[in-house]
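Starting from the known structure of chain A, fit chains B and C onto it as the hints suggest.
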Amino acid sequence: MNYFLTDDQKMIRDLAAQIAREKIAPIVAELDETGEFPWDVVKTLAQSDLFRVFIPSEYEGLGGGIFEMCIVVEELSRVCGGIALSYAASGLGTIPIILFGTEEQKKKYLPRLAAGEILAAFGLTEPNAGSDAAGIKTTAKPDGDSYVLNGTKQWITNGGEASIYTVVALTDPARGVRGSSTILVEKDTPGFTFGKKENKMGIRASATRELVFQDCRVPKTNILGKEGMGFLIAMRTLDQSRPGVASQAVGIAQGALDKALAYAHERHQFGKPISSFQGMQFLLADMATQVEAARALTYAAARSIDSGEKDVSKVSAMAKVFASDTAMKVTTDAVQVFGGYGYMKEYPVEKMMRDAKITQIYEGTNQIQREVIALNLIKEHVRAKK
Amino acid sequence: MKVIVCIKQVPDTTNVRINPETNTLVREGVQSIINPFDCYALEEGIRIREKHGGTVTVLTMGPPQAAEALREAISLGADEAVLVSDRAFAGADTLATAYTLAAAIRKLAGAPEGTPEGTPEGTPEGAPLGSGADIILMGRQAIDGDTGQVGPGVAENLGIPHITDIRKIEEIAGSRIVVERLLEEGYARLATSLPVVLTVVKEINEPRLPSLKGKLAARKKEIPVLKAAELEADPERFGLVGSPTQVMKIFTPPKPSGGKKFTGEPSETVGALLAELASAGISIRKK
Amino acid sequence: MDPIRVINQNCVGCSLCIKACPYDAITLSGPPGAKPDKPTAVIELEKCTLCGACVEACKRYKAIVITRTTFKGQNLKLYSGIAVFAEHRLGKLASVVPEIIGAARELQKELSAPVSAILVGNGVRKYTDELLSYGVEEVWMVDNPGIGDFDEDVQAEIVAEILMERRPEIFLGGGTVVGRSLLPRVAAKILTGLTADCTELAVDPATMLLRQTRPAFGGNIMATILTQNHRPQMATVRHKVMAPAAKVDNPQGKVIELSHIEVPKSKIEFLEFVEEKTATVNLVEADVIVSGGRGIKDPKNFALIESLALAAGGAVGASRAAVDAGWIPYSHQVGQTGKTVKPKVYIACGISGAIQHLAGMKGSDMIVAINSDPHAPIFDVAHYGIVGDLFQVIPELVRRLENGE
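Protein chains in written order, with my numbering: chain A, -18 to 367; chain B, 37 to 323; chain C, 345 to 749.
Chain A with its partners taken away, still in its complex shape (with noise of 0.2 Å):
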């Protein structure tokens, strides 16, 4: 389907096809085995320049968007969801510099993310805080002219592997909520530690693991935005996100779709390729229709938020929920498509399958998508009717 790409964005999308084609794909099987981090992959990328899309022009960036962001996820994930993870999540840590950054700060980091140099992380997560966020019990104690953390924070993607991590911790616990904020902790500095790698069902090719705070003092000058501006920084970070996930889950569903079409076709039973079964037929089309009604919707988010839209929390939650419940139903299906090779290691959609559940999960859950959407209807609602 046409979405009147510009001819840059074209351009984007071409080539990331073209190292995902080139780099990722003769890799997917080994990576997902052994779960060794794509740093080769990385390097390609960071040479390609598909760090610098979101970046703006000022520090390096090609100025581009979301929208061009989630072009690029897609594009990866069609081959390799776990390793298109690595990329989207030095994303999610990034987006938080670039919105709330001081100048010093944007020049100290993102030129080097631009290069790909370094990679980001996004650290809000607890064991004890997940979909209730506001649960966080790490803290961040103001102590001269430095912040103090101790805590530990959960199932952080490319932790260990990022350079730098944005970390959302309570600098005033009395306050609760009010008293979080959102600060820049660099790789090395004495008292952050790292967890063990986590061993995940899917997106095996990415980094996930526990970041450790023991007595990690930072410089005052690392926080992101004031005091207390943590969460707020965390939401509006996650709403623009969200489409990131959103195309992941796009491209899975997509690699997924086209793996099984190509199966339909030369696999035969009773004299015929099983595509001209009709009840096969059924299953196909309802899996393209699913895949594209997920990429509009994401797309469509992810161009409201470049817009510059200040009310982007629906949007992008719907396209979030409906794109990664469609990887799992069309992961699912496409397995389903290859019969008894399917189910099998050598064949490549089980682990479409297992790649694509943990998108109905992260970035808030989809049960707390659901609530955000309802409560800003309902929002609207209320508005409309004054």
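Rather than coming from a laboratory, the hints here were simulated on the basis of the structure.
Given the structure is predicted, the values throughout are model-derived calculations rather than measurements.
A portion of the hints provided could be inaccurate.
Partial selection, computed: residues in chain A whose CB lies under 10 Å from chain B [what the hints assert, rightly or not]:
#: 1; residue: D(-12)
#: 2; residue: D(-11)
#: 3; residue: I(-7)
#: 4; residue: L(-4)
#: 5; residue: Q(-1)
#: 6; residue: K4
#: 7; residue: I8
#: 8; residue: V23
#: 9; residue: T25
#: 10; residue: Q28
#: 11; residue: L31
#: 12; residue: R33
#: 13; residue: V34
#: 14; residue: Q262
#: 15; residue: L265
Keeping only pairs whose Cα atoms sit at most 27 Å apart, straight-line, the calculated BS3-like set for lysine-lysine is [claimed, not checked]:
#: 16; chain 1: A; residue 1: K177; chain 2: A; residue 2: K118
#: 17; chain 1: C; residue 1: K391; chain 2: B; residue 2: K256
#: 18; chain 1: A; residue 1: K4; chain 2: A; residue 2: K178
#: 19; chain 1: C; residue 1: K391; chain 2: B; residue 2: K204
#: 20; chain 1: A; residue 1: K310; chain 2: A; residue 2: K295
#: 21; chain 1: B; residue 1: K87; chain 2: C; residue 2: K611
#: 22; chain 1: A; residue 1: K291; chain 2: A; residue 2: K177
#: 23; chain 1: B; residue 1: K291; chain 2: B; residue 2: K38
#: 24; chain 1: A; residue 1: K4; chain 2: C; residue 2: K644
#: 25; chain 1: B; residue 1: K204; chain 2: C; residue 2: K611
#: 26; chain 1: A; residue 1: K87; chain 2: B; residue 2: K249
By construction, the Cβ of each residue, glycine as well, lies at the ideal position given by its N, Cα and C atoms.
Just chains B and C now, with coordinates in the frame of chain A:
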């Protein structure tokens, strides 16, 4: 360091097939690409620039659409591109091509030191090459012609040394270059002085993918076209007239009819095959 | 005047030329003022390589004319004889040399002219007996300590001098790494034509010119080339393409030492030679080759190919697909951009048979193909084929060979 990389735009011959009914080449869907071996040469040129500074200029002799290949080279990191194109160059064999490319390189290399003011641009034939060319790189062969003859021919026309089949540039120190040349039984380590023509093999490096900044630059890049009249050279040496070898006839190789095929269970087919080989007096058993 | 023209009055717009053109250089349109129902052929000069396929296709109407002129060549009358380049290195004559002598002696049958060998280097007189034993009439030799094995620039100078002095009308070399580097340099010095990698050399009975036939367009078509006005007519031939010359019982030839030829100083400094025999030489000289292609699916499956090669006492080869995928080093690649092989038995496993691969192995005495696709082009050139799953067929074959069947 001034690096000149000669590239050729070729049809992707790996995808070319013969239509079995008409016995002609099927051209649909056959893309034009940069000759794969030249991609390795370009990558090496860029690496030399990254290590020693300087510029990488890509050069190609071809029809107007060869400019696409030059733009692709810019998106991969080349600084400048020049298209050598003129009807007069059509039909060139390797001798004429080498002559033409050498004339273009002499023009780009500028005049040698001590050339009086007012002399036409470029190095005259027979004079030592100007300072605008230190290393001239190209792939070992083009996948459509496969001759590998243009590199040595260019070097002869420029009066400089050439070494083919380079699998590694070990070092460049001042005007001395040390290389590894791949031969059938191993490799030779050789040294020579710049300027030099080197043709490269695939073992030399892993070519990078294009970059977005490169693609944006390639879109905007002005690519000058060098025409026959601008080259200080003998026009009788260009194109078909300049080609001692000429193709007299083209034909499709006769299609072989195929031999005996065995289908069935491996135990049967393998048995049948071995029986046939035995009766033909052929043994493939290790002695 | 353009070298190729369409004679519009003769052209009926039948499009046969368009179909014949391998370079997509001809379209149908009309000259100014033409009636819409009589379009004529238009040749795009920039795409045209003057290969003549269209002239051939237009035999009936003769509407396309190529005017072949060249810049002035040598005085043809002064040239006679067939010379070959006796390549040598590190104590041995190159294995292609007996083959090009064989080709020269075949041409000799039509031309009735002597066959000579050009031998240049340091301490090379030790090769003269061997060369003469292949029936070479004269060995033109420059034996000088100033000519190192790797001083290709000096060798090229001297070879050019010898050719200009001795004036053979044909000069053949091996399509080896050195041959493909040295001969083009010589051709550019002398200003004559060189055709690379000829698969066939013959004398045209009408013109007595050397017909040089070689694959073109990646091997998809064959081209026959002539060097009409320049001498010597130079050509290279790859190893294992032509038959080596038979040895003669009583060699009658002589050695002519050309010690007057100046030996310039080389601009190339030889540092060292590192031998890496391993796969390459074994592959080209092997009697049995087992090759794997895309059908192998995974690098670890190459062990299967190795097991069959071991059981059959042969070498391991590969198609370009397998090499490009990184499953096996390039030194094992058989094909147009890899090695040309001519073993007694070539077993192609999981190889579809693309033209570029066939170019490297179709001269094998016996070709056996194992492929699951019954329509794979490899079966067209294979003497025997097994349609089946190579993962089952190869172990079965290995088992039987090991059991002595």
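Structure versus earlier hints - violations, ascending order: Hints 7, 8, 14, 15, 19, 22 and 23 not satisfied by this model.
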